[in-house]
Amino acid sequence: MHEYSLACEIFETVIETADKNKAIAVNSITLEIGGLTHVSPEQLLFCLDVLSRNSIAEGAKVNVNFVPPSGECECGYRGDAGVPDKLRDEDQPSLYEYAIQTCPVCGKLLQLLGGDELMIRTIDIEI
Amino acid sequence: MLMHVVNVNKDVLKANNEIAQSNRKLLIRNRVFTMNIMGAIGSGKTTLIEEAINALGDRYRIAVIAGDVVAEMDASRFEKLGVKTVAANTGRECHLDAKLVERSLADLDLKNIDILFIENVGNLICPVDYKLGERVRVVIVSVSEGDDTVLKHPMIFKSSDLAIVNKVDISEAVDADPAKMKADIKQLKPSIPVLLTSKNDRISIDRWIEYIESYIEE
Ligand SMILES: [Zn+2]
Numbered sequence: 000m001h002e003y004s005l006a007c008e009i010f011e012t013v014i015e016t017a018d019k020n021k022a023i024a025v026n027s028i029t030l031e032i033g034g035l036t037h038v039s040p041e042q043l044l045f046c047l048d049v050l051s052r053n054s055i056a057e058g059a060k061v062n063v064n065f066v067p068p069s070g071e072c073e074c075g076y077r078g079d080a081g082v083p084d085k086l087r088d089e090d091q092p093s094l095y096e097y098a099i100q101t102c103p104v105c106g107k108l109l110q111l112l113g114g115d116e117l118m119i120r121t122i123d124i125e126i
Numbered sequence: 000m001l002m003h004v005v006n007v008n009k010d011v012l013k014a015n016n017e018i019a020q021s022n023r024k025l026l027i028r029n030r031v032f033t034m035n036i037m038g039a040i041g042s043g044k045t046t047l048i049e050e051a052i053n054a055l056g057d058r059y060r061i062a063v064i065a066g067d068v069v070a071e072m073d074a075s076r077f078e079k080l081g082v083k084t085v086a087a088n089t090g091r092e093c094h095l096d097a098k099l100v101e102r103s104l105a106d107l108d109l110k111n112i113d114i115l116f117i118e119n120v121g122n123l124i125c126p127v128d129y130k131l132g133e134r135v136r137v138v139i140v141s142v143s144e145g146d147d148t149v150l151k152h153p154m155i156f157k158s159s160d161l162a163i164v165n166k167v168d169i170s171e172a173v174d175a176d177p178a179k180m181k182a183d184i185k186q187l188k189p190s191i192p193v194l195l196t197s198k199n200d201r202i203s204i205d206r207w208i209e210y211i212e213s214y215i216e217e
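Chains as they are written, first to last, in numbering that gives the first Met the number 0: chain A, 0 to 126; chain B, 0 to 217.
No lab work stands behind these hints, which were simulated from the structure alone. One should not assume that every hint holds.
[Stated by the list, open to error] Straight-line C-alpha distance at most 16 Å; calculated EDC-like pairs for lysine to aspartate or glutamate:
hint, chain 1, residue 1, chain 2, residue 2
1, B, Lys-13, A, Glu-116
2, B, Lys-79, B, Glu-49
3, B, Lys-13, A, Glu-2
4, B, Lys-9, A, Glu-11
5, B, Lys-9, A, Glu-116
6, B, Lys-9, A, Glu-31
7, B, Lys-13, A, Glu-8
8, B, Lys-83, B, Asp-73
9, B, Lys-9, A, Glu-15
10, A, Lys-107, A, Glu-73
11, B, Lys-98, A, Glu-8
12, B, Lys-179, B, Asp-168
13, B, Lys-188, A, Glu-73
Just chain A, with the same shape it has in the complex (with noise of 0.2 Å):
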C-alpha cells in the first residue's frame, strides 16, 4: 500500500501545524482512519514513529480512531452499515465484509457513505 507517502504527509502536517502554534515538543497525534479504505494502521504508525525521529514530533503517541461506514438504500433506509463501531484495528469487519453489507430493512445491497477518510484530527502539543 502507499502508507509511506501517507505517513509523510502527515508528518510534514503536524510538523508544520507545530511550527505555526510554537510548540517545542508534539504528544500525541489524532487519527481517523475510514471502515473503506486500505490504509494498514500498523504500517502507517510504523512509519511515523520512523519519521519523526529526531524532530520535535518523536515519541508523540498517536490514537488512532476507525470510523465505519454508514449507509443508504433506495427503500429510504439510512444508518450504520451494519457492522458496529469498534475501536481495536483486530476487530474491523473485512472490506468484503462492508462490501456485501445489505439493508436491514429491505435487503437489497447498501450504498456505502463515508468510510473512504484518513483524518488528521487534532495535535496535542507543548508550547
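With chain A's structure known, arrange chain B with the ligand on it following the hints.
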C-alpha cells in the same frame, strides 16, 4: 510549560480528490473522454488499450498516460501505434495519483485529444483510494489471477464503472470459472456492466470497443 490541543482536521486522502476534481474539470472543458484502466500486472491492460487504439485510432484522436513504476516499456508499445504517450513514472509508489496525472496532462495538447487512456499501475488495492479525474473507471481482472480474486479485492469493483474478465480462453487451463467471477462482481455491484474478453476472440474485443464508443456518444 503549556499543553495545547490544536485542531487540524485535514483529510490526507481527500487532498488527492481536490486535484482529481480540477483534472476532471480541465478534461471536460477540453472535451477529452478519459478512462482510468486499473488491474493487476499481467491482467491485459496494455493489450486491451492497444486493441482500442487499433479500432478507434482512425476516428478519434487518442492519447495515453502510461503509469509504470520505473520502466517505460508500456509507453513505447503505445508510441509504436502512433499515439501521443506520456510515461508517468511513480518511482516507488504503487498507484497513480491525481498530482502525477496533473503533471502528465501538462505534457498533452488536450484540445487535440478525444480519448485519453490512463493505464494505472498494476495493482488491485492502491488505485482504489486515488481518483485521478477520469470519467470512467475500468477494472480488468484475468482468469489467470484465480477466480477468487474478485472477492479478495471488493473495493476496486465497487468503485469501478465497467469490469472486464479477461483471458477467458485459458480458463480451463488455469482452472478458473469466468462465470463465477462475473457473478461475484455482480454481487458486489449489481449495476456494473461486466465483459468477458479474450484477445483471441474478436467478438469480445468488439464489445469492449463498443462500450468505449457508447460512453463517448452519451
Ligand atoms: Zn432497503
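Each hint, compared with the structure:
no., hint, result
1, Lys-13(B) / Glu-116(A), "holds (7 Å)"
2, Lys-79(B) / Glu-49(B), "holds (10 Å)"
3, Lys-13(B) / Glu-2(A), "holds (15 Å)"
4, Lys-9(B) / Glu-11(A), "holds (12 Å)"
5, Lys-9(B) / Glu-116(A), "holds (10 Å)"
6, Lys-9(B) / Glu-31(A), "holds (10 Å)"
7, Lys-13(B) / Glu-8(A), "holds (12 Å)"
8, Lys-83(B) / Asp-73(B), "holds (13 Å)"
9, Lys-9(B) / Glu-15(A), "holds (12 Å)"
10, Lys-107(A) / Glu-73(A), "holds (8 Å)"
11, Lys-98(B) / Glu-8(A), "holds (14 Å)"
12, Lys-179(B) / Asp-168(B), "holds (15 Å)"
13, Lys-188(B) / Glu-73(A), "holds (14 Å)"
In summary, this structure violates none of the numbered hints.
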